[in-house]
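S.K.: One letter stands for each residue in the lines below.
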Amino acid sequence: MSNNLIDLINITKSFDNQLVLDDLNLSVKENEFVTLLGPSGCGKSTTLGILGGFQQPDKGEVIFGGTNITNLPPNKRALNTVFQKYALFTHMSIAENIAFGLKIKGKSKQYIQDKIKYALKLVNLEGYENRMPNSLSGGQQQRIAIARAIVNEPKVLLLDEPLGALDLKLRQDMQYELIRLKNELGITFIYVTHDQEEALTMSDTIVVMNQGYIQQIGTPEDIYNEPQNAFVADFIGESNILPAIMLQDKLVKILDAKFPCVDTGFGINTPVDVVIRPEDIDLVKPEEGTIQGVVTHLIFKGVHYEMEVMANGHEWLVHSTDLFPVGTKVGIHVDPFDIQIMNKPASEDEEAVIINE
Amino acid sequence: MNKKWLSGPYLFWAISFIIIPLVMILYYGLTTKDGSITFENILQITTNTNVKALVLALLLSIVSTIICLILAYPLAMILNQLDVNQNSFIVLIFILPMWMNFLLRTLAWQTLLEKTGVINSVLTLLHLPTLNIINTPYAIVLGMVYNFLPFMVLPIYNILIKIDPNVINAAKDLGANSFLTFYKVILPLSWPGVISGITMVFVPSLTTFVISDLLGGSKILLIGNVIEQKFTQANNWNAGSGLSLVLMVFILLSMAILSKYDKDGEGLI
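If you read the sequences in order, they're chains A and B.
Counting from 1, one number per residue, gives the positions in the first sequence under the UniProt record's numbering.
Counting from 1, one number per residue, gives the positions in the second sequence under the UniProt record's numbering.
Hint data in this document are derived by calculation from the structure and do not stem from the laboratory.
Just to be clear, a hint being listed does not mean it is correct.
Subject to a maximum C-alpha distance of 27 angstroms in a straight line, what follows is the list of computed DSSO-like cross-link-like pairs (lysine-lysine) [to be verified]: (1) A:Lys103 to B:Lys184; (2) A:Lys155 to B:Lys184; (3) A:Lys115 to B:Lys162; (4) A:Lys117 to B:Lys184; (5) B:Lys52 to A:Lys85; (6) A:Lys76 to B:Lys33; (7) A:Lys85 to B:Lys184; (8) B:Lys3 to A:Lys105.
Stretch by stretch, here's where chain A covers chain B in the computed footprint (C-beta under 8 angstroms, at least three residues) [unchecked claim]: (9) 9-20; (10) 174-186.
Glycine included, each C-beta is placed from N, C-alpha and C at the ideal position.
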């Protein structure tokens with residue numbers, strides 16, 4: 001606990017008797033890029049609001065650098081927020097927007113001038129001092145919002161879906177900008193998004209949330225390759241999620257076919273869920289596959305083809321750069337290490353999304 | 001795409017009931033009874049009684065506007081912080097009096113404030129000193145504030161609800177305490193609503209003659225009363241029109257001053 005910059009301890013929060021966060025615990029280390037990822041209503045923005053001081057938890061503590069800041073108002077916290085839809089002061093010029101926090105802290109004119117210059121350079125908007133926010137494009141306004149926050153030299157920058165309102169191309173550019181910014185500034189970023197690709201691209205650590213609970217914390221690779229439950233597997237990327245029986249160590253029965261895998265320790269004849277990523281399924285000649293099926297759908301996706309294969313009563317989603325026309329008989333082969341075994345969901349909230357589909 | 005004819009009905013209305021009357025006031029204001037051109041009607045404003053009436057009208061409407069602003073701004077802020085169900089109810093309470101006839105409401109105040117009226121009866125009953133403000137400027141200000149307050153609340157409220165809560169959060173996030181957040185962010189952003197509210201209270205206050213008639217007991221003359229008397233009692237349309245023109249200049253002047261502070265025209269309804 002000592003080397004963590006932020007600790008959220010047993011945070012519980014509800015709105016109108018609806019539980020938004022239930023006994024949430026989360027630690028953030030210094031200089032980490034942490035992403036809170038989940039569908040809308042999962043509690044990720046509320047978590048950020050509690051960190052920023054805009055919302056008070058019903059129970060629990062927020063520890064920042066060793067001190068309890070749970071009841072500290074936002075203006076007394078050493079962190080800054082980049083808000084959804086920018087929240088710039090439209091009645092002030094860009095320079096005045098950026099100077100807002102510094103003026104309140106009573107910094108000298110020269111210091112403020114230098115900081116404005118530095119911040120605008122950092123976000124690639126030099127010379128925009130005298131423009132008004134409304135004359136800027138969405139991407140530019142977003143960068144001003146970031147500049148306005150970072151001139152205060154916060155230890156932590158909170159970002160609440162900052163790229164949500166931007167178009168795809170701009171969003172991708174801004175993702176790289178943010179990574180660059182974080183490396184240059186060397187501060188902690190806590191980032192909220194519902195976009196899994198954004199989370200995978202930028203984060204050191206991803207916190208997958210659903211219905212007020214943390215589902216999994218891990219590196220992007222962990223989260224993608226080894227989802228701990230069906231919700232995580234389903235939310236991060238496309239996947240085939242199937243009920244299965246773990247027959248013994250390293251052997252799983254999926255749809256009446258036996259697949260060798262690498263997982264151990266689930267016991268004998270244990271019901272489990274398996275996740276197989278569509279790109280991990282190899283389509284081979286029927287006699288070479290573990291099970292056999294027929295291609296039923298084919299869509300060209302650019303980099304790859306997306307196919308659906310009907311085999312053993314299940315539609316398998318397959319991504320492949322090789323083309324198999326509709327009607328082709330194929331065999332399905334999966335390498336043992338590409339099969340991810342998960343325990344059956346212990347609680348309803350983990351299951352919810354699968355039922356919804 | 002030629003849909004200009006759609007503006008026909010309104011054009012007819014505007015010409016008949018706005019342009020022609022204005023031209024006629026201009027004509028009457030600048031001529032004598034026999035039709036020769038003169039500035040005498042306009043210069044009537046310089047007589048002692050009329051100057052007094054104009055100055056008093058300006059003074060009372062400025063005071064009323066300030067009182068309305070002081071009452072309305074905090075109220076609008078409170079309304080803005082309530083959730084939707086509560087605030088639509090309170091807004092309704094606020095607007096409800098406006099559905100009643102303006103004259104009736106003012107007459108009601110007359111009855112309440114009279115020397116032997118409801119308020120004084122209660123005060124006497126409680127052995128408290130009586131309130132003698134009927135037929136004084138205080139009663140007129142009370143009438144103005146009572147009647148025009150909703151016109152101040154609504155534009156301010158309307159602009160406050162449009163401010164993104166995250167903009168206010170952003171100010172706090174950047175270190176501003178509640179006062180600085182209000183002074184540097186909320187107030188400037190709500191300025192157009194304030195301007196609009198001031199206009200909507202100040203202009204009718206300046207021109208009213210009904211409120212001063214009923215609550216001022218026709219002893220206190222505002223410029224509106226003077227103009228009214230020129231038309232009705234003295235039957236001197238020329239003098240009345242001349243004074244109206246002067247009053248119009250004052251209104252245009254105040255609008256021009258206000259519009260300087262409302263560059264985007266957001267407050268205009």
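S.K.: Now look at each hint and say whether the structure bears it out.
M.R.: Structure-based check of all given hints:
1. Simply put, lysine 103 of chain A and lysine 184 of chain B have alpha-carbon atoms about 11 angstroms apart, close enough for the 27 angstroms limit, and the pair holds.
2. Our distance criterion of 27 angstroms between C-alpha atoms is met by lysine 155 of chain A and lysine 184 of chain B, whose separation comes to about 25 angstroms.
3. Of the supplied pair hints, the one linking lysine 115 of chain A and lysine 162 of chain B is violated, its CA atoms being roughly 31 angstroms apart against a limit of 27 angstroms.
4. Under the criterion of a C-alpha separation no larger than 27 angstroms, the hint pairing lysine 117 of chain A with lysine 184 of chain B is consistent with the structure, at around 23 angstroms.
5. Proximity of lysine 52 of chain B to lysine 85 of chain A is assessed by CA-CA distance (about 54 angstroms); at most 27 angstroms being required, the pair is judged violated.
6. Pair hint lysine 76 of chain A plus lysine 33 of chain B does not hold up; C-alpha atoms about 74 angstroms apart against a cutoff of 27 angstroms.
7. With a C-alpha separation of about 20 angstroms, the suggested pair lysine 85 of chain A and lysine 184 of chain B falls inside the 27 angstroms cut-off, and the hint holds.
8. Taking the CA atoms of lysine 3 of chain B and lysine 105 of chain A, the gap is near 58 angstroms; set against the 27 angstroms cutoff, the hint is violated.
9. Here the region 9-20 of chain B counts 0 residues with a CB under 8 angstroms from a CB of chain A, which misses the bar of 3, and the coverage is violated.
10. Against chain A, the region 174-186 of chain B contributes 7 residues with a C-beta closer than 8 angstroms to a partner C-beta. That satisfies the three-residue criterion, and the hint holds.
In summary, the structure is inconsistent with hints 3, 5, 6, 8 and 9 from the numbered list given earlier, while agreeing with the others.
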